[in-house]
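> Chain residues, written in single-letter form:
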Amino acid sequence: MNNGKPKIGIYELTGCAGDALLIVDCEMELLDIFTAADIQSFAMAKSDNIDGELDVALVEGSVTTEKEISELKDIRERAKIVVAFGNCAAHGGIQARFDDKEWQENLKKVYGNQKFTHTKPVRSKPIDEFVKVDFYLPGCPVSKEQFLHFLTRMLKGNPPEHYPTPVCVTCKYNENDCLLNNGKLCLGPLTADGCGSVCPNHNIPCFGCWGPVENANAIAELHLLKEKGFSVEEIKKRMANFAGTKLADAIKQL
Amino acid sequence: MKTISIDHLTRVEGNGGITATIDGKTVTEVKFNVFEGPRLIERLTVGRTPEEDVSLAPRICAICSVSHKNAVLRAMEDALDVNVSKKIIYSRELMHMGEMIESHSLHTFLLALPDFLGYPNAIAMAGDFEFEAKIGLEMKNYGNHIMKVYNGRWIHGENAVIGGFGQLPTKEDLTWIKSRALQFMPFVNKTVALFCGLDYPDIPEDDTLYVCCEPGNNEYGFWGDEILLSTGEKYSKYDYPKVTNEYTVSHSFCKRSRYNGRPFSVGALARVNNLGDRLEGQAGEMYRKYFNDRWKKNPLFHAAAQALEIMYCFERIPQLVDLILADREEPALIPYTTKEGTGTGLVEAPRGTLIHHYAIKNGLVDHSDIITPTAMNAEEIERYCHIAAQKLLDEGKEDEIRARMDIVVRAFDPCISCSAHSVEIERVPETAWKDRLLELSAKKAPFFVGVGTEDRSDDRAGLELAARLKEMGIADVYTEKDIDSIRSIQEQRPIIFLDAVNMGESPGKITLIPVDHVLRNVNNSHKFTPFIVGALNGAQIKNSYVLGIQPGTTDFGTEMSSSVKEAVQKVVSALTN
Ligand code: SF4
Ligand code: SF4
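Chains A and B supply the protein sequences, listed in that same order.
Residues in the first sequence are numbered consecutively from -18, following my numbering.
Residues in the second sequence are numbered consecutively from 4, following my numbering.
Derived by calculation from the structure, the hints in this document are not laboratory data.
Fair warning: there could be bad hints in the mix.
The following label-pair restraints were derived from C-beta to C-beta distances [said to hold, decoys possible]:
| no. | chain 1 | residue 1 | chain 2 | residue 2 | range |
| --- | --- | --- | --- | --- | --- |
| 1 | B | I337 | A | A201 | 47 to 55 Å |
| 2 | A | E86 | B | I337 | 32 to 40 Å |
| 3 | A | E86 | B | T178 | 46 to 54 Å |
| 4 | A | A201 | B | T178 | 43 to 51 Å |
| 5 | A | G138 | B | N192 | 41 to 49 Å |
| 6 | B | N540 | A | I200 | 54 to 62 Å |
| 7 | B | E333 | A | E156 | 23 to 31 Å |
| 8 | B | D487 | A | K54 | 48 to 56 Å |
| 9 | A | E83 | B | D487 | 39 to 47 Å |
These figures come from a predicted structure and were not determined experimentally.
We put the CB at the ideal spot given by N, CA and C, even for glycine.
Kindly generate the complete structure, drawing on both the sequences and the hints.
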């Protein structure tokens, strides 16, 4: 702690930079955040960055190069708490859908036989495949409410808790007409909550961008979807878009 | 050799770095690296439904997510023959303006302004320039608000879909957007005056080719079905590969583009250069007041162009709201059926032209091609950084190189997720050329091309060297007379030009420089430039080098000076041992 202010570092591996951008997007709270916390490193927002000891490291993006593996390990060594910040860090992101063989083939399709001299690419993986992760904030991108809630709890020294329910729960609170009744494949029952059911609120089925919910009731949810006429294959294929490397576990639950 | 490297370019979206290599008095190489790994997004869209792709493809970039959304929608609707109503098009334009305002105000006030005012970041700047920081944040917030109203959330919202929107905003939401735009106008005026009036440094400046979408109807705008070049040439969107000619490089996961072997700039400055005289209203007045020839060749004017576009958006938004509200009856969504087809969508993202192209077969995406603005600007970022580094080195301001390159990169506002963070400056030893030459030859036998004039003493060096290499039995040695054979080289083998190059060094100094970089900076002892440009295509240029020997004298005569002779001998020994 520095003058009682926690030292925070925000790091970006491979992703769309949406989670870091979301912090910059806390326009009205940004000055407060920079006042309440000692932001040691945040490459998107400042150039006087220091790589030292940290209380909390927010890591966005998945690991896709060898350089990132060593960067991530260095962050872990310096930080008391490491947070997987966003879907890419937590589940590997949409880029983690390919298995090793598919990844090799597709890399070749995009870059031909190009040899890279600056760093070696590796198949995309979430950060917990390389280091211990203390907290997960999924979402593509994370929600502002979830982030600010998380941050204020951290700043006060009260670790935040998980969101244990699927999107459907909030969707019901929001009194939406269930899209499944209209024959649309909505992943709300199988997706972790945190977005406020924003897509169903707009008549758009959930694509599962928070990743799979850790929920004992998954079987019942799956049966519900099957009852509505969707095949397990179809559901898995749709879930695979955002579940990353956590799809296998999620499917085991089913 | 010395390398200046900014290893983590700060205040740009994403992950990358830039390295400048200095050999004596010459900046031999500048490389813009993207460290961020490959995400293979195009490949991820293959085998998915068009609807899934509308949700997946924008994940390329958060700060351009609405542009990606509009590009993928335009492409898919083109492929599936979906004709949306005027109201939907206006609604998408309004949503697009939200992103323009958000992105431009973030870049101008919070990322670029601290550079020009000399602060490490916006927070540090905010102490002395509270008003500017606040206006920047307020505008950004307003832009995000528009996107949220339309898309459910401002980053990766899903409300815009093929055929229209899941749900359209209420009249109250729209009138609020309109009245807020009107309230902003006095601040928008100040924004334009601030950024158009800034004293931008004149390093780097150079002639530039600008590319943007042609909105049609002689209007300003952010999309169209044609590509417009600053030369006046136009291409149909379906012919985009003729303009972009993508290829990969070994030092980055971000692909590159060139038009007729020439790199080009896209973005707000390109749009203002190509379309600025179409601006009307106050934006038009401001354009006529501030635009001048320096805007045509100095990338630092990007911030000024962005400020003009902010004004354009704030003037257009009330008009759009009126147009949308006049058409209350049109449905939010029109039905369509999936069919086979191909489609292309062109939009102007805040950072420049964005192209999505898809082929649909059996209800699924069979092929996809996405070309991002940062991929197109990557070559320009290297070119301008190189010009700046050489110019500052020439002026004896080596210690300013790092900071200036950082500012140049930032001027392009690259969102590296478009596939950068760092400037590295490296000074290499006298003998660096040798290691590099051997490294190049070890991979694939190069073609050697001797260049020069027989009767101008040291200017013979290249021809002499070529003759000696031939004597030593090295294959594939040409001279500039064999121009046609050189032009038809298809193989991916390095082409090494042997030439006397005036680098301002002592006679006999040898340097190995990528051709690209010779084209940009070094004053040659003869007309090297047009000869090369006409002969090579973009990929060849990237694979070509000049082995330069500093001449002593290039007066008439057939005898070379002793130090140049020695240099020729050094190269011959290096290659034949
Ligand atoms: S619309 Fe989707 S999220 Fe909402 S209740 Fe139905 S299944 Fe759940
Ligand atoms: S509803 Fe589903 S797809 Fe939409 S934001 Fe929430 S988790 Fe993501």
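> Any of the earlier hints contradicted here, and which numbers?
1
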